[in-house]
Amino acid sequence: NPCGSSAGTGAAIAANLAAIGIGTETDGSIVCPASVCGIVGLKPTLGLVSRSGVIPIAHSQDTAGPMTRTVEDAAILLSVLAGFDRSDSVTSQSNKGAKDYTRFLQKDGLRKMRIGVARDYWGKNAEVDKLTNDALDAIKNAGATLIDVKFPLLQKFGDAEFEVLLYEFKADLEKYLVARNAPYKTLADLIKFNEENAEKEMLYFKQEIFESAAKKGNLQTRAYRLALQKSKSLTQAQGIDAAMIKNKLDAIVAPSNAPVWTTDLINGDCGSGYVSSSSLAAVAGYPNISVPAGFLKELPIGISFFGPAFSEPTLIKIAYAFEQATKARKTPKFLATYA
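When the letters of the sequence shown are read in order and numbered with the numbering used here, they come out as residues 6 to 344.
Be aware that one or more of the hints could be misleading.
List of simulated lysine to aspartate or glutamate pairs, EDC-like, C-alpha gap at most 20 Å [what the hints assert, rightly or not]:
#, residue 1, residue 2
1, LYS338, GLU303
2, LYS104, ASP90
3, LYS220, GLU303
4, LYS335, GLU168
5, LYS221, ASP164
Here are the in silico distance ranges between beta carbons for each label pair [claimed, not checked]:
#, residue 1, residue 2, range
6, ASN21, GLY273, 31 to 37 Å
7, THR336, THR267, 30 to 36 Å
8, GLY273, VAL85, 35 to 41 Å
9, ASP139, LYS253, 24 to 30 Å
10, GLY58, PRO157, 22 to 28 Å
11, ASP105, LYS145, 26 to 32 Å
Hint data in this document are derived by calculation from the structure and do not stem from the laboratory. Here a beta-carbon is modelled for each residue, glycine too, at the ideal position from N, C-alpha and C.
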């Protein structure tokens, strides 16, 4: 399982089928496939890159971003992608970003940096812990100061995030379908299509999430507004921002993910040893970059650096310095199915 809806892009870049790729993420779908494919994935700040034409899940989290073999390529691509698009009003904030992100490609970019170590993501997979600890040693040896940080509210926003996604998925998808003059105009139309073609469309899974979203009201509903406020507050002011300010940090580091796993079409995915650090930055709408950190059983995993809104220059500086210090990425080999 190459992990996420941008997995095709991740696999294609890893296999050298293209020089650069663009992924989209709501929560993890850039950084997770980047991690398990052994490439760089940069999820930008919400509002830096246009989502125009992208099939939506949730406008409060959705963004497009670079997926590349190197941090340099990611910086080049982000410089092209970032900017205002009148068809996506959220990009009115894009002027807070930089014009040229290649200016921040500095080999000594880790020197004098204060980086918070998000220890909440340790203790889930011993092998990932060891490899990530080795990466922390490399970060420290490159001149950074590491400060352990905790996010006591980390487990408190998941339900609110899911509630927001259900509401926004219905509203955003139907808006997309109408704008595209598609033959199906509503989520209910798609649910009916799936039911009528269940032998093809739902052979290995059902559509419980579609059905749950279809039951939601509009975006003026009080339940939606409260869930959105809660999820943003817990991840922004009470989450990343609080940790950054309290500890005077330049960025936060965490393992991106555990290695790939085998998809079980009968029993579903197994969560044993699963690691994912994407949600905090994803829900906040803040930037997150995953960089190759090494291999477990010949399978790549990444390390993530994330921070407050529009901190891409700092994250690119840190990620590039880490990449140059470790040279962890290797050209992939063809392997038998992982089991």
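Quick one: which hint numbers does this structure break? Sort them smallest to largest.
Numbers 3, 4, 7 and 10 - these are the hints that the structure violates, sorted from lowest upward.
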